[in-house]
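Engineer: Each chain, letter by letter, is given below.
2 protein chains.
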Amino acid sequence: MKINGKHYQTIWETDEKLTSISIIDQRLLPHKFEIVNLLTFEDFLIAIKDMLVRGAPLIGVTTAYALYFAVKDCAESEFDATFEVSIKKLLSTRPTAVNLKNTIELARKSIGSLNSIEAKKEALLNFARKLLKEDKEICKKIGEHGSKLLEDIFRRKGATVNILTHCNAGWLATIDYGTALAPIYIARDKGVDVHVWVDETRPRLQGAKLTAFELLHEGIPHTVISDNTGGLLMQKGMVDIVIVGTDRTTRKGDVVNKIGTYLKALSAYDNNVPFYVALPSTSIDWSEELTVDQIPIEIRNENEVKYVSGVVDGKFVDVLITPKSSKALNYAFDITPSRLVTGLITERGICPASEEGLLSLFPEMVK
Amino acid sequence: MKINGKHYQTIWETDEKLTSISIIDQRLLPHKFEIVNLLTFEDFLIAIKDMLVRGAPLIGVTTAYALYFAVKDCAESEFDATFEVSIKKLLSTRPTAVNLKNTIELARKSIGSLNSIEAKKEALLNFARKLLKEDKEICKKIGEHGSKLLEDIFRRKGATVNILTHCNAGWLATIDYGTALAPIYIARDKGVDVHVWVDETRPRLQGAKLTAFELLHEGIPHTVISDNTGGLLMQKGMVDIVIVGTDRTTRKGDVVNKIGTYLKALSAYDNNVPFYVALPSTSIDWSEELTVDQIPIEIRNENEVKYVSGVVDGKFVDVLITPKSSKALNYAFDITPSRLVTGLITERGICPASEEGLLSLFPEMVK
Numbered sequence: 029m030k031i032n033g034k035h036y037q038t039i040w041e042t043d044e045k046l047t048s049i050s051i052i053d054q055r056l057l058p059h060k061f062e063i064v065n066l067l068t069f070e071d072f073l074i075a076i077k078d079m080l081v082r083g084a085p086l087i088g089v090t091t092a093y094a095l096y097f098a099v100k101d102c103a104e105s106e107f108d109a110t111f112e113v114s115i116k117k118l119l120s121t122r123p124t125a126v127n128l129k130n131t132i133e134l135a136r137k138s139i140g141s142l143n144s145i146e147a148k149k150e151a152l153l154n155f156a157r158k159l160l161k162e163d164k165e166i167c168k169k170i171g172e173h174g175s176k177l178l179e180d181i182f183r184r185k186g187a188t189v190n191i192l193t194h195c196n197a198g199w200l201a202t203i204d205y206g207t208a209l210a211p212i213y214i215a216r217d218k219g220v221d222v223h224v225w226v227d228e229t230r231p232r233l234q235g236a237k238l239t240a241f242e243l244l245h246e247g248i249p250h251t252v253i254s255d256n257t258g259g260l261l262m263q264k265g266m267v268d269i270v271i272v273g274t275d276r277t278t279r280k281g282d283v284v285n286k287i288g289t290y291l292k293a294l295s296a297y298d299n300n301v302p303f304y305v306a307l308p309s310t311s312i313d314w315s316e317e318l319t320v321d322q323i324p325i326e327i328r329n330e331n332e333v334k335y336v337s338g339v340v341d342g343k344f345v346d347v348l349i350t351p352k353s354s355k356a357l358n359y360a361f362d363i364t365p366s367r368l369v370t371g372l373i374t375e376r377g378i379c380p381a382s383e384e385g386l387l388s389l390f391p392e393m394v395k
Numbered sequence: 029m030k031i032n033g034k035h036y037q038t039i040w041e042t043d044e045k046l047t048s049i050s051i052i053d054q055r056l057l058p059h060k061f062e063i064v065n066l067l068t069f070e071d072f073l074i075a076i077k078d079m080l081v082r083g084a085p086l087i088g089v090t091t092a093y094a095l096y097f098a099v100k101d102c103a104e105s106e107f108d109a110t111f112e113v114s115i116k117k118l119l120s121t122r123p124t125a126v127n128l129k130n131t132i133e134l135a136r137k138s139i140g141s142l143n144s145i146e147a148k149k150e151a152l153l154n155f156a157r158k159l160l161k162e163d164k165e166i167c168k169k170i171g172e173h174g175s176k177l178l179e180d181i182f183r184r185k186g187a188t189v190n191i192l193t194h195c196n197a198g199w200l201a202t203i204d205y206g207t208a209l210a211p212i213y214i215a216r217d218k219g220v221d222v223h224v225w226v227d228e229t230r231p232r233l234q235g236a237k238l239t240a241f242e243l244l245h246e247g248i249p250h251t252v253i254s255d256n257t258g259g260l261l262m263q264k265g266m267v268d269i270v271i272v273g274t275d276r277t278t279r280k281g282d283v284v285n286k287i288g289t290y291l292k293a294l295s296a297y298d299n300n301v302p303f304y305v306a307l308p309s310t311s312i313d314w315s316e317e318l319t320v321d322q323i324p325i326e327i328r329n330e331n332e333v334k335y336v337s338g339v340v341d342g343k344f345v346d347v348l349i350t351p352k353s354s355k356a357l358n359y360a361f362d363i364t365p366s367r368l369v370t371g372l373i374t375e376r377g378i379c380p381a382s383e384e385g386l387l388s389l390f391p392e393m394v395k
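Chains B and U, in that order, are what the protein sequence lines are.
Sequential numbering from 29 applies to the first sequence in our numbering.
Sequential numbering from 29 applies to the second sequence in our numbering.
Chain B with its partners taken away, still in its complex shape (with noise of 0.2 Å):
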């Protein structure tokens, strides 16, 4: 999608000798555009871990090419020990991910039977570029499923289609198109007056500076609100549709995303506001059913809450707004039960949030 008028994706190959990847510090959005070059495997390690990149699948497509310059220098006696080491330490950037679990391992099985240590080197590489080519096109074809019920409403309300988002689940959030947004802009693209309900996405605020950052860019009209205020919205009626992306959604259907998705998927279900999920399906998580305290909550540091992080001046700054000594608790994600999920948007269709819904759409994962 589009910066200042320019094409970019989230992550590309820098250039053609392949020293390093390019990745957008997300951190500095939408105040500053700055373009990162990852030239070590520690420097995709922070990249992840610190958040220049975040987001389901751009961690995914991150966690592939990062996987490969863990090794691409390495010995053949070095190239086991090395590979493994480089796993955990991935696995301990972001617990709640599940791209993060399902990329390393499909890694894993792209250099399965090779022998040969380049080989190995070439497959990692070729699994990267393939991540990478697949999350765009299931991006756009969620994008294409999505649409459609933004086109319904339109067609139905003959009027400006309002729509709540919570967090980022942008292109920033991916490599192109986005989850949750890509819905968004395919049916803008096919003639849909479309405003978007931006949740500004306390402590980090994804909403206020990267939904909304995206959006400007994209000429897309768009209001920040408080994270409070959803609920008052659907109360007078003034949403339409709540799509929201996720880091992890169980085979039952219950979706783990942003702390606050599942406040918003209760005022929708309390006034009868649709709630889609939009996501790929490397974000499912096919085993077994999780209860709440099974899955993991990822805590992050108390600071992100009791200082915001901004611009004044042009400089950054994060301020204090709480009394100095009164601790803060930061979990990051919350998890909304299927019962107040309206539908999952998929790369292949729309189906229900449930264990038969999903299974619908992905009959290969019958058990």
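Simulated from the structure, these hints should not be mistaken for laboratory data.
This structure is a prediction, so every number in the text was calculated from the model and none was measured.
Check the hints yourself; a few may be wrong.
No distinction is drawn between identical chains; accordingly, a pair holds when it is met within one copy or between any pair of copies.
Stated by the list, open to error - List time: in silico SDA-like cross-link candidates among lysine to any residue, alpha-carbon distance up to 25 Å:
| no. | residue 1 | residue 2 |
| --- | --- | --- |
| 1 | Lys60 | Phe344 |
| 2 | Lys60 | Asp346 |
| 3 | Lys352 | Thr188 |
| 4 | Lys185 | Lys355 |
| 5 | Lys169 | Val394 |
| 6 | Lys352 | Asp221 |
| 7 | Lys355 | Ala187 |
| 8 | Lys185 | Thr319 |
| 9 | Lys185 | Met393 |
| 10 | Lys352 | Thr251 |
Put chain U on the given structure of chain B with help from the hints.
Structural biologist: For chain U alone, kept in the frame of chain B given last:
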């Protein structure tokens, strides 16, 4: 309650000559404790409109003193006109706060049959003093009634009682004790172990700034959380009870309170967590039932969403968190339907959130 170990009210007569009324500039909390003396009616208007004082009961008492200051140096010929113009100006400061309207009506009544201008002035002053005294007594009674709920949980659970609160309905919102926080202070005095989850309460962060400040200075264990977090905490069984304040409760028990309250009520309901609203009866709007579209919801400046106020290196700074040209919308309140409210804690006891419930405690309001 205490600040740095010394007892304060939120508003007091500066000296015996009544040259001014003293308040705490709550915009500077928790970072700076500064007392402001209100010398003229214009000072009072600014104090209310710019939220140096906030919270329904404190707005009420400030309004009462404001009316006295508006006319105290008036000539007889100017009295009526000045009084009416001042009322209009006061009413425009905070459209949602019913205490403003109620206080003005009571003030008008207090001078109703008096003839001499001096008697009228004295009546207005006495009214303000009476309101202040009554508010303290009301809050203390709310605290006593509400503390029984916490004692019950403590007895049953045998461990720390976790209370979630939204915004600031503590002593800083009243004259002393508070409404939603009064039960906590009084339960603590009775030996109940309490811990408070403090919703930061965007956009103005009254929770992070004021509630945390109050609790810290009273030595009450507390943890600040983003507004998105309460749902997950309830899912995980980490909240025993929610207590919030209100700016206006309708005759039917619907609760107008700080934006985001409705979302917490929904998640409390969904997780069987009791949800109580603490209110002085002065916050009850006894007029006929109002729908969500009939209740005026204050829309504040969008910059309260786009910028966050805090301190860095001891300096107050507003940092921009959105793209500069993105729009924002800043509704200040939402409406929690009575069906989601377990009970109302008033100065006369606890009742169901319904017309029947309210009238059982306030039979004089039966029509």
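Engineer: How would you label the pair Lys352, Thr251 (within, between, both, or neither) given a Cα cut-off of 25 Å?
Structural biologist: This pair counts as between: shortest inter-copy Cα distance 12 Å, intra-copy 32 Å.
Engineer: Go through the copies and call it for Lys355 and Ala187: within, between, both or neither, with a Cα cutoff of 25 Å.
Structural biologist: The answer is between: 20 Å across copies meets 25 Å, while 46 Å in one copy does not.
Engineer: If the cutoff is 25 Å on CA atoms, where do Lys185 and Met393 land: within, between, both or neither? Let me know, please.
Structural biologist: For Lys185 and Met393, the Cα distance exceeds 25 Å both inside one copy (38 Å) and across copies (44 Å).
Engineer: Indicate which option fits the pair Lys352, Asp221 if close means a Cα-Cα distance not exceeding 25 Å: within, between, both or neither.
Structural biologist: Close across copies (23 Å), not inside one copy (46 Å); limit 25 Å.
Engineer: At most 25 Å between C-alpha atoms: does Lys185 with Lys355 qualify within a copy, between copies, both, or neither?
Structural biologist: Result: close only across copies, 24 Å inter versus 47 Å intra.
Engineer: My question is about Lys60 and Phe344: at a cut-off of 25 Å on alpha-carbon distance, are they close within one copy, between copies, both, or neither?
Structural biologist: Classified as both: same-chain Cα gap 10 Å, cross-chain 23 Å, threshold 25 Å.
Engineer: I want to check one pair: Lys185 and Thr319. Are their C-alpha atoms no more than 25 Å apart within a copy, between two copies, both, or neither?
Structural biologist: Intra 39 Å, inter 24 Å, cutoff 25 Å: inter-copy only.
Engineer: Regarding Lys60 and Asp346, is the shortest C-alpha distance of 25 Å or less found within a copy, between copies, in both, or in neither?
Structural biologist: both (16 Å within a copy, 18 Å between copies)
Engineer: As a check of your reading, is Lys352 near Thr188 (CA-CA no more than 25 Å) within one copy, between copies, both or neither?
Structural biologist: For Lys352 and Thr188, the Cα distance is within 25 Å only across copies (24 Å; inside one copy 45 Å).
Engineer: Is the C-alpha distance from Lys169 to Val394 at most 25 Å within one copy, between copies, in both cases, or in neither?
Structural biologist: within (23 Å within a copy, 61 Å between copies)
Of the hints listed earlier, the one the structure fails to meet is number 9.
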